[in-house]
Amino acid sequence: MTGNSITSRSNQTMQLPCDYDGHCMVCKQNPPNIEISPCRTCATPWHILCLPVPPTTFFDWDCPDCCQSQQNNHAPPLTENLISAIQAIQSDISLTEVEKAIKRQKLVGGSSKPHLDNNKSNGMLDIFDGTLNCSFCMQLLERPITTPCGHNFCLRCFEKWIGKGKHVCAKCRSTIPSKIASHPRINSQLAIAIRLAKLARSEGIRESIDIATKNAPCFMHNDDRPNTAFTTERAKKAGKANACCGKIFVTIPSDHFGPILAENDPIRNRGVVVGDTWSDRMECRQWGAHFPHVAGIAGQSNHGSQSVALSGGYIDDEDHGEWFLYTGSGGRDLSGNKRINKQHSFDQTFDYMNQALRISCLKGYPVRVVRSHKEKCSFYAPEVGVRYDGIYRIEKCWRKNGIHGHKVCRYLFVRCDNEPAPWTSDLYGDRPRPLPKIKELKDAIDITERKGVPSWDYDEEKGCWLWKKPPPKSKKKATIVNSVDGTIIRDFKPKTKKVSLKLKARILKEFGCNICRKVLVLPLTTPCAHNFCKTCLEDAFSGQSYTKKRIYENGRTLRSLKNIIRCPSCSNDIADFLQNPQVNREMMDVIESLQRQTEQMDGNSEELSDDNAA
DNA sequence: GGGCCCGCAGGG
DNA sequence: CCCTGCGGGCCC
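Take the first sequence: its position 403, counted from the start at 1, is 403 in this note's numbering, and no numbers get skipped.
Take every hint as true, because none was put in to throw you off.
Listed below are the simulated DSS-like cross-link pairs for lysine-lysine, each with C-alpha atoms no more than 30 angstroms apart in a straight line:
1) Lys396 to Lys374
2) Lys396 to Lys462
3) Lys160 to Lys437
4) Lys160 to Lys442
5) Lys376 to Lys442
6) Lys468 to Lys396
7) Lys475 to Lys247
8) Lys407 to Lys396
9) Lys396 to Lys473
10) Lys451 to Lys396
11) Lys160 to Lys28
12) Lys451 to Lys469
13) Lys160 to Lys198
14) Lys164 to Lys374
15) Lys179 to Lys28
16) Lys28 to Lys166
17) Lys437 to Lys396
18) Lys376 to Lys164
19) Lys396 to Lys442
20) Lys437 to Lys469
Just so you know, the hints here were simulated from the structure itself, not pulled from any lab data.
Kindly produce the complete structure, drawing on both the sequences and the hints.
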């Protein structure tokens, strides 16, 4: 037979159908039609000579995939079930972290006791029965990609498959949307589920609970959001204020370097763990992972950089998960409101935030990294929201000619976290690894490398990453927490007051009376477009005699005498207007609405200061 | 999906 | 106080 070269072991384990071109994925041959039979359930063609158990009839049989799904009734859905079951446990507020860990262990291991006998697993959802193996390499999924049809493949295998021009699922032949084919996202929940299952199987329950509790990340929802600092009328209408900052939940100062530990998390007492995901940058900020809500780099040019965000704002970025190349800030013309300009229009230099990153590189500081779903060209970005991916170190930085021709600052980030990355099912975090070879370095200028011992480094004895030198001293204030009940009693003060002052200044500038210089009351707008309070204008001309003027036109007297009144701002004649002056109602409404806003702001800030005083 | 607009925070 | 920034929502 054509599959003779395949060993009997492979024949038993590899159960693959024919691919889109009719090639058997087991023997790699193109078998004649007579050797091919379609499955009656999924219609997938199979090379019958490569099946471990050939069908008794050619036309009325179920392929191994469909048999399996009928027996287990959870072939593709298993992944979904497992994930949704884990999510349900995670979101159950009635459970403690330890209880959650026990439940998770039961779920993936099938028993509250560790079952070390692999062959006798009676797990409700046992992932080691092959259902979570990659259909290509037949190994447990590594960096799993889940297709819309619900089938899972290792990232590397999937890339190879797509690289061959195959745009259908290797398992069920469903079309893979081009968006997913070109930019697949790692199913990090599945990766974590596999990790938890591995732990539950290979370790005793105690250690499993310890590690799983520590490692179990969660999605933090908007419900967790406290009172927002400031919302505009417009934002309130939309249901969510733009750039409202909210309270900071953790007790670190904004220039805190390194992981956010349980001791800085009085609310949950667990710290920020790898995989924690928030719906947007504002929420991410509230948990201290990355403070700036727009800027990608957090830091100070004379102190160092504490964190960066990968959001796909710069096309030069290159993401390989455990390491990535980051582009500095600046060089884009964002004048006006062009927040969207991705083009570089001038050179970047090592100043401001770029210098902050360079200091972190030279000192070997730990830099927190968050990835946003907006990072479109990365396998490692989350599907939704913003995710904390752990600690990285900047090993080198340099300048190069960017894609748009102007010079950009470049940084090589390499992961060095004690917790595994969200996309792997590895049980442990990073070990020191050799630096990747960077092609662009040969044309780079201003190359900066660390000379001395890094502040954050791997300790061989303890087997973990830690501060080898004391972390840099903070220059900022941290939040203050009530030691009795753990509530935050003072946080980064929202600039409400300042904003209300700003708005008041704006109102005065736009809607100030040209006589009394105060905000217009019953505004009159003259034909020459000057604004006055009704009473101010009336007072200005009360008892004054009109200037009389003879009006000529083409040498003839048009009107013998006209009473004229000169506008106090421009001397134009407004006598006609003053005969029957009408209050500018529209303007009045606008002024009233703006004044209401400032009152609200002041009200908010008073409330806040009351809170603070409490 | 891109453009526009409003917004806040933080560095300098 | 000014300027910059890898947001976010709405509108087209």
